[in-house]
Amino acid sequence: MPQRILPMLPAGSTEITDTLSVVNAEGRWTYFQGVFPVFTHAEEDHRTFQMFAGQLAANGHCKLVDIERAFGVSSISVKRMVKRYREGGCKAFYAQRRGRGASVLTEEVVGPLQELLDAGVAYREAAQQLGVKSETVRKGMQRGVLRAKKKR
1 MPQRILPMLP
11 AGSTEITDTL
21 SVVNAEGRWT
31 YFQGVFPVFT
41 HAEEDHRTFQ
51 MFAGQLAANG
61 HCKLVDIERA
71 FGVSSISVKR
81 MVKRYREGGC
91 KAFYAQRRGR
101 GASVLTEEVV
111 GPLQELLDAG
121 VAYREAAQQL
131 GVKSETVRKG
141 MQRGVLRAKK
151 KR
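Counting in my numbering, the sequence shown runs from 1 upward without gaps.
Heads up, some of the hints might be wrong.
Stated by the list, open to error - Cross-link-like lysine-lysine pairs, in silico, PhoX-like; alpha carbons within 20 Å at most: (1) K63 x K79; (2) K83 x K63; (3) K149 x K133; (4) K139 x K149; (5) K139 x K150.
As the list claims (entries may be wrong) - Computed spacing ranges between beta-carbons, pair by pair: (6) E107 x K133: 16 to 26 Å; (7) G131 x K63: 30 to 40 Å; (8) H61 x L130: 26 to 36 Å; (9) T40 x D118: 50 to 60 Å; (10) V65 x H41: 15 to 25 Å; (11) T106 x T17: 46 to 56 Å; (12) A92 x E115: 41 to 51 Å; (13) F39 x K63: 11 to 21 Å; (14) D18 x G99: 35 to 45 Å.
Derived from the structure by calculation, the hints contain no laboratory data. We put the beta carbon where it would ideally sit given N, CA and C, even for glycine.
Model the full assembly from the supplied sequences, consistent with the hints where possible.
Have a look at this one:
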């Protein structure tokens, strides 16, 4: 016969469900199942908060609305946490964000553009010849994607 957990919560805790609570003390969030601590993370660690909240809801330990009420987060935020947890697990919360690739200064454009710059053509003229905005070329030179020939 399964043993039931008494609905006892630590003093000063915020109730998530009747047996699950959280305490914020000394810059750390500590989650309790009854009076037993089950998880802890730093107050500033938002990714770990999202991971654990998503895990609680996805595994059925609490309802979405319980997390919304306990932490004051929006409904859509909790839904996103659960979706991310279900699709990618814990590691999905710590993966580096994918950035967009170059939209104008692609390899097909950088090669001919660099050849023109190496030949001594001014960056504005080179941009005009290839149909690229001169500001795009200037920013590419600033970022180090392109190198202009030094004037003597």
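Q: State the violated hints by number, sorted upward, taking the hints as numbered earlier in the document.
A: 7 and 8
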